[in-house]
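Counting from 1, position 87 in the sequence shown corresponds to residue 84 in our numbering; the numbering is continuous, with no gaps.
Some hints could be false.
When the alpha-carbon atoms are kept at most 30 angstroms apart in a straight line, the in silico DSS-like pairs for lysine-lysine are as follows [claimed, not checked]:
hint: 1; residue 1: K(-1); residue 2: K75
hint: 2; residue 1: K182; residue 2: K203
hint: 3; residue 1: K131; residue 2: K42
hint: 4; residue 1: K38; residue 2: K158
hint: 5; residue 1: K118; residue 2: K158
hint: 6; residue 1: K147; residue 2: K(-1)
hint: 7; residue 1: K238; residue 2: K158
hint: 8; residue 1: K151; residue 2: K77
hint: 9; residue 1: K52; residue 2: K158
hint: 10; residue 1: K47; residue 2: K14
hint: 11; residue 1: K47; residue 2: K182
hint: 12; residue 1: K182; residue 2: K233
hint: 13; residue 1: K42; residue 2: K14
hint: 14; residue 1: K203; residue 2: K250
hint: 15; residue 1: K122; residue 2: K237
hint: 16; residue 1: K14; residue 2: K182
hint: 17; residue 1: K38; residue 2: K75
hint: 18; residue 1: K192; residue 2: K182
hint: 19; residue 1: K77; residue 2: K250
hint: 20; residue 1: K192; residue 2: K75
hint: 21; residue 1: K141; residue 2: K271
hint: 22; residue 1: K75; residue 2: K118
hint: 23; residue 1: K131; residue 2: K38
hint: 24; residue 1: K233; residue 2: K47
hint: 25; residue 1: K214; residue 2: K25
hint: 26; residue 1: K203; residue 2: K237
hint: 27; residue 1: K114; residue 2: K45
hint: 28; residue 1: K122; residue 2: K27
hint: 29; residue 1: K131; residue 2: K114
hint: 30; residue 1: K45; residue 2: K158
hint: 31; residue 1: K25; residue 2: K203
hint: 32; residue 1: K(-1); residue 2: K45
hint: 33; residue 1: K25; residue 2: K184
hint: 34; residue 1: K114; residue 2: K257
Hint data in this document are derived by calculation from the structure and do not stem from the laboratory.
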Amino acid sequence: MKVFNATLNDEGRTLFKFLVKSFPDVPKGKLESVFRKKDVKVNGKRLKDKRYIVKHGDEIVVYGVSSTGYSTKNIFTKIKFNIIFEDKNILVIDKPHGYPVHDAENSIDNQVLTYLKFMQKDSFKPSHIGRLDKVTSGLMVYGKTYEAVKELNKYSSNFEKVYEFKSDLNRSITTEYKIGHNEAKKKEEVMEEGKVTKTEFIIVGKHKFAKLYTGRKHQIRVSLSKLGYPIYGDYKYGGKKADRVYLHSAQLKFQGIKGKLEYLNNQEFLSNPK
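Could you put together the complete structure from these sequences and hints?
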(Lines of atoms letter the chains of each structure in order from A and count residues from 1; the text may use other names and numbers.)
(Lines give C-alpha, C1' and ligand atoms only; values in the text may rest on other atoms or scores of the structure.)
Protein backbone atom coordinates (compact mmCIF):
# COMPACT_ATOMS: atom_id res chain seq x y z
CA MET A 1 0.00 0.00 0.00
CA LYS A 2 1.22 3.51 -0.87
CA VAL A 3 -0.33 6.72 0.47
CA PHE A 4 -0.02 10.13 -1.21
CA ASN A 5 -1.29 13.54 -0.17
CA ALA A 6 -1.81 15.65 -3.29
CA THR A 7 -0.02 19.00 -3.37
CA LEU A 8 -0.75 22.15 -5.40
CA ASN A 9 1.63 20.84 -8.05
CA ASP A 10 -0.50 17.68 -8.35
CA GLU A 11 -3.78 19.55 -8.70
CA GLY A 12 -5.35 19.42 -12.14
CA ARG A 13 -3.78 16.16 -13.31
CA THR A 14 -5.91 13.15 -14.10
CA LEU A 15 -5.59 10.41 -11.52
CA PHE A 16 -3.95 8.11 -14.08
CA LYS A 17 -1.31 10.70 -14.98
CA PHE A 18 -0.72 11.27 -11.26
CA LEU A 19 -0.01 7.55 -10.83
CA VAL A 20 2.26 7.45 -13.89
CA LYS A 21 4.32 10.29 -12.41
CA SER A 22 4.22 8.80 -8.91
CA PHE A 23 5.32 5.31 -10.02
CA PRO A 24 7.94 6.09 -12.69
CA ASP A 25 9.29 2.53 -12.89
CA VAL A 26 5.90 0.76 -13.08
CA PRO A 27 4.53 -0.14 -16.56
CA LYS A 28 1.41 1.78 -17.58
CA GLY A 29 -0.41 -1.52 -18.14
CA LYS A 30 0.09 -2.41 -14.48
CA LEU A 31 -1.29 0.97 -13.43
CA GLU A 32 -4.30 0.47 -15.72
CA SER A 33 -5.10 -2.72 -13.81
CA VAL A 34 -5.26 -0.77 -10.55
CA PHE A 35 -8.42 0.92 -11.82
CA ARG A 36 -9.99 -2.27 -13.14
CA LYS A 37 -9.51 -3.90 -9.73
CA LYS A 38 -10.57 -0.75 -7.83
CA ASP A 39 -7.24 -0.83 -6.04
CA VAL A 40 -7.09 2.95 -5.69
CA LYS A 41 -8.89 5.10 -3.13
CA VAL A 42 -9.34 8.86 -3.12
CA ASN A 43 -10.39 10.31 0.21
CA GLY A 44 -11.54 6.87 1.35
CA LYS A 45 -13.60 6.06 -1.75
CA ARG A 46 -12.56 3.39 -4.25
CA LEU A 47 -12.42 4.70 -7.83
CA LYS A 48 -12.43 3.12 -11.29
CA ASP A 49 -12.38 6.43 -13.15
CA LYS A 50 -8.79 7.13 -14.16
CA ARG A 51 -9.91 10.52 -15.51
CA TYR A 52 -10.70 11.81 -12.04
CA ILE A 53 -9.08 15.23 -11.63
CA VAL A 54 -6.79 15.35 -8.62
CA LYS A 55 -7.37 18.17 -6.13
CA HIS A 56 -5.00 19.72 -3.64
CA GLY A 57 -5.34 17.86 -0.35
CA ASP A 58 -6.69 14.60 -1.81
CA GLU A 59 -5.53 11.51 0.04
CA ILE A 60 -4.72 8.89 -2.59
CA VAL A 61 -4.13 5.29 -1.54
CA VAL A 62 -2.87 2.72 -4.03
CA TYR A 63 -2.85 -1.04 -3.35
CA GLY A 64 -0.91 -3.82 -5.06
CA VAL A 65 1.79 -1.66 -6.64
CA SER A 66 5.39 -1.55 -5.50
CA SER A 67 7.85 1.02 -6.77
CA THR A 68 11.04 2.82 -5.91
CA GLY A 69 8.92 5.98 -6.28
CA TYR A 70 10.43 9.43 -6.34
CA SER A 71 14.18 9.81 -6.10
CA THR A 72 15.19 11.16 -2.70
CA LYS A 73 18.45 12.51 -4.09
CA ASN A 74 19.12 15.84 -5.72
CA ILE A 75 20.32 15.71 -9.31
CA PHE A 76 23.83 17.11 -9.78
CA THR A 77 24.87 17.84 -13.35
CA LYS A 78 27.31 20.51 -14.50
CA ILE A 79 25.34 23.56 -15.64
CA LYS A 80 26.20 24.78 -19.14
CA PHE A 81 23.33 27.16 -19.90
CA ASN A 82 22.95 30.88 -19.15
CA ILE A 83 19.91 32.32 -17.40
CA ILE A 84 17.97 34.93 -19.36
CA PHE A 85 15.01 35.43 -17.00
CA GLU A 86 13.54 33.84 -13.89
CA ASP A 87 10.60 34.41 -11.57
CA LYS A 88 8.51 32.14 -9.33
CA ASN A 89 6.71 30.57 -12.31
CA ILE A 90 9.15 30.28 -15.19
CA LEU A 91 12.80 30.03 -16.15
CA VAL A 92 14.10 31.21 -19.53
CA ILE A 93 17.54 29.87 -20.44
CA ASP A 94 20.07 30.15 -23.25
CA LYS A 95 20.84 26.55 -24.29
CA PRO A 96 24.26 25.71 -25.76
CA HIS A 97 24.37 23.46 -28.83
CA GLY A 98 25.43 19.86 -28.41
CA TYR A 99 23.31 19.05 -25.36
CA PRO A 100 20.10 17.01 -25.56
CA VAL A 101 17.05 18.38 -23.80
CA HIS A 102 16.22 15.04 -22.15
CA ASP A 103 17.13 11.34 -21.91
CA ALA A 104 20.78 11.84 -20.99
CA GLU A 105 22.73 12.40 -17.77
CA ASN A 106 23.97 15.79 -19.02
CA SER A 107 20.61 16.77 -20.52
CA ILE A 108 19.32 20.32 -20.24
CA ASP A 109 16.41 18.97 -18.16
CA ASN A 110 18.86 17.59 -15.59
CA GLN A 111 20.92 20.77 -15.68
CA VAL A 112 17.78 22.79 -14.88
CA LEU A 113 16.90 20.44 -12.00
CA THR A 114 20.44 20.91 -10.68
CA TYR A 115 20.17 24.70 -10.95
CA LEU A 116 16.82 24.69 -9.12
CA LYS A 117 18.20 22.30 -6.47
CA PHE A 118 15.10 20.26 -7.14
CA MET A 119 14.11 17.27 -5.03
CA GLN A 120 10.89 15.55 -6.07
CA LYS A 121 8.19 15.65 -3.40
CA ASP A 122 5.08 15.10 -5.51
CA SER A 123 4.14 14.05 -9.05
CA PHE A 124 5.62 17.20 -10.62
CA LYS A 125 9.02 18.02 -12.08
CA PRO A 126 9.89 21.36 -13.69
CA SER A 127 9.41 20.85 -17.42
CA HIS A 128 10.36 22.47 -20.72
CA ILE A 129 7.72 24.14 -22.89
CA GLY A 130 8.56 22.89 -26.36
CA ARG A 131 12.14 21.84 -26.92
CA LEU A 132 15.19 22.35 -29.09
CA ASP A 133 17.12 19.69 -30.95
CA LYS A 134 20.46 18.64 -29.48
CA VAL A 135 22.22 20.47 -32.32
CA THR A 136 20.26 23.70 -31.85
CA SER A 137 21.16 26.47 -29.41
CA GLY A 138 19.25 29.37 -27.92
CA LEU A 139 16.19 30.28 -25.90
CA MET A 140 14.15 27.69 -24.00
CA VAL A 141 11.39 28.07 -21.41
CA TYR A 142 10.78 25.94 -18.33
CA GLY A 143 7.74 25.94 -16.08
CA LYS A 144 8.60 25.80 -12.39
CA THR A 145 5.11 24.75 -11.24
CA TYR A 146 2.55 22.37 -12.69
CA GLU A 147 0.11 25.21 -13.27
CA ALA A 148 2.75 27.21 -15.16
CA VAL A 149 3.63 24.22 -17.36
CA LYS A 150 -0.04 23.54 -18.12
CA GLU A 151 -0.85 27.15 -18.97
CA LEU A 152 2.27 27.77 -21.06
CA ASN A 153 1.68 24.61 -23.08
CA LYS A 154 -1.93 25.69 -23.60
CA TYR A 155 -0.95 29.02 -25.13
CA SER A 156 2.46 28.19 -26.63
CA SER A 157 1.13 28.29 -30.21
CA ASN A 158 0.57 32.03 -29.69
CA PHE A 159 4.21 32.76 -28.83
CA GLU A 160 6.37 34.57 -31.37
CA LYS A 161 9.53 32.59 -32.12
CA VAL A 162 12.39 33.71 -34.34
CA TYR A 163 15.53 31.71 -35.15
CA GLU A 164 18.81 32.85 -36.66
CA PHE A 165 20.61 30.55 -39.09
CA LYS A 166 23.45 30.35 -41.59
CA SER A 167 22.92 29.05 -45.12
CA ASP A 168 23.29 30.19 -48.72
CA LEU A 169 19.71 31.49 -48.86
CA ASN A 170 19.89 34.74 -50.84
CA ARG A 171 16.40 36.20 -50.57
CA SER A 172 13.56 36.72 -48.13
CA ILE A 173 10.74 34.25 -48.73
CA THR A 174 7.75 32.66 -46.99
CA THR A 175 7.24 28.91 -47.37
CA GLU A 176 4.15 26.78 -46.75
CA TYR A 177 5.24 23.17 -47.04
CA LYS A 178 3.47 20.01 -45.88
CA ILE A 179 6.00 18.25 -43.65
CA GLY A 180 5.78 14.72 -42.25
CA HIS A 181 7.98 11.90 -40.99
CA ASN A 182 9.64 9.42 -43.34
CA GLU A 183 10.11 6.34 -41.18
CA ALA A 184 12.32 4.60 -43.73
CA LYS A 185 14.75 7.53 -43.85
CA LYS A 186 14.33 8.33 -40.13
CA LYS A 187 13.83 12.03 -40.81
CA GLU A 188 11.24 14.67 -41.68
CA GLU A 189 10.53 15.68 -45.27
CA VAL A 190 8.07 17.52 -47.49
CA MET A 191 5.23 15.15 -48.39
CA GLU A 192 1.64 15.42 -49.57
CA GLU A 193 0.26 13.68 -46.47
CA GLY A 194 2.27 15.91 -44.11
CA LYS A 195 0.97 18.75 -41.97
CA VAL A 196 0.96 22.30 -43.31
CA THR A 197 3.75 24.53 -42.04
CA LYS A 198 4.47 28.21 -42.51
CA THR A 199 7.89 29.81 -42.13
CA GLU A 200 8.95 33.35 -42.99
CA PHE A 201 12.62 33.66 -43.92
CA ILE A 202 14.00 37.18 -43.56
CA ILE A 203 17.39 38.55 -44.54
CA VAL A 204 18.60 41.68 -42.73
CA GLY A 205 22.10 42.62 -43.84
CA LYS A 206 24.36 39.67 -43.07
CA HIS A 207 21.83 38.11 -40.70
CA LYS A 208 19.26 35.50 -41.70
CA PHE A 209 16.17 34.81 -39.62
CA ALA A 210 13.29 32.33 -39.65
CA LYS A 211 9.97 33.27 -38.05
CA LEU A 212 7.70 30.36 -37.21
CA TYR A 213 3.95 30.46 -37.71
CA THR A 214 3.59 26.72 -37.04
CA GLY A 215 5.63 24.33 -34.95
CA ARG A 216 6.40 21.11 -36.80
CA LYS A 217 9.50 19.06 -35.99
CA HIS A 218 12.57 20.23 -37.98
CA GLN A 219 10.36 22.74 -39.80
CA ILE A 220 13.12 25.28 -40.48
CA ARG A 221 15.71 22.66 -41.38
CA VAL A 222 13.42 20.82 -43.82
CA SER A 223 12.08 24.01 -45.41
CA LEU A 224 15.56 25.38 -46.11
CA SER A 225 16.65 22.01 -47.49
CA LYS A 226 13.62 21.95 -49.81
CA LEU A 227 14.52 25.45 -51.02
CA GLY A 228 17.99 24.19 -51.86
CA TYR A 229 19.78 26.15 -49.13
CA PRO A 230 20.22 23.79 -46.15
CA ILE A 231 21.68 25.08 -42.91
CA TYR A 232 25.46 24.94 -42.60
CA GLY A 233 26.52 21.85 -40.68
CA ASP A 234 23.12 20.19 -41.01
CA TYR A 235 24.35 17.00 -42.68
CA LYS A 236 21.02 15.25 -42.06
CA TYR A 237 19.36 17.60 -44.52
CA GLY A 238 22.25 18.18 -46.92
CA GLY A 239 24.06 21.07 -45.27
CA LYS A 240 27.59 22.18 -46.07
CA LYS A 241 30.47 21.14 -43.84
CA ALA A 242 30.72 23.23 -40.67
CA ASP A 243 31.76 22.82 -37.03
CA ARG A 244 28.13 22.76 -35.85
CA VAL A 245 24.55 23.09 -37.07
CA TYR A 246 24.08 26.85 -37.37
CA LEU A 247 20.54 27.21 -36.03
CA HIS A 248 19.85 29.36 -32.98
CA SER A 249 16.63 30.25 -31.13
CA ALA A 250 17.20 34.00 -31.03
CA GLN A 251 13.92 35.65 -30.04
CA LEU A 252 10.91 34.66 -27.94
CA LYS A 253 7.92 36.87 -27.22
CA PHE A 254 5.06 35.80 -24.98
CA GLN A 255 1.61 36.73 -26.23
CA GLY A 256 -1.96 35.49 -26.07
CA ILE A 257 -1.65 34.14 -22.52
CA LYS A 258 -4.75 34.30 -20.32
CA GLY A 259 -5.11 33.72 -16.59
CA LYS A 260 -2.48 33.88 -13.87
CA LEU A 261 0.43 34.09 -16.32
CA GLU A 262 -0.94 36.88 -18.49
CA TYR A 263 1.55 39.26 -16.85
CA LEU A 264 4.11 37.63 -19.16
CA ASN A 265 2.36 38.95 -22.28
CA ASN A 266 4.57 41.16 -24.47
CA GLN A 267 7.71 40.24 -22.58
CA GLU A 268 10.42 39.61 -25.15
CA PHE A 269 13.69 37.74 -24.71
CA LEU A 270 16.71 37.85 -27.00
CA SER A 271 19.80 35.70 -27.44
CA ASN A 272 22.74 36.17 -29.79
CA PRO A 273 24.37 33.12 -31.43
CA LYS A 274 27.69 32.19 -29.87
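Point to revise | Hints the structure fails to honour | key: Violated: hints 1, 2, 3, 4, 5, 9, 11, 15, 16, 17, 20, 23, 24, 27, 30, 31.
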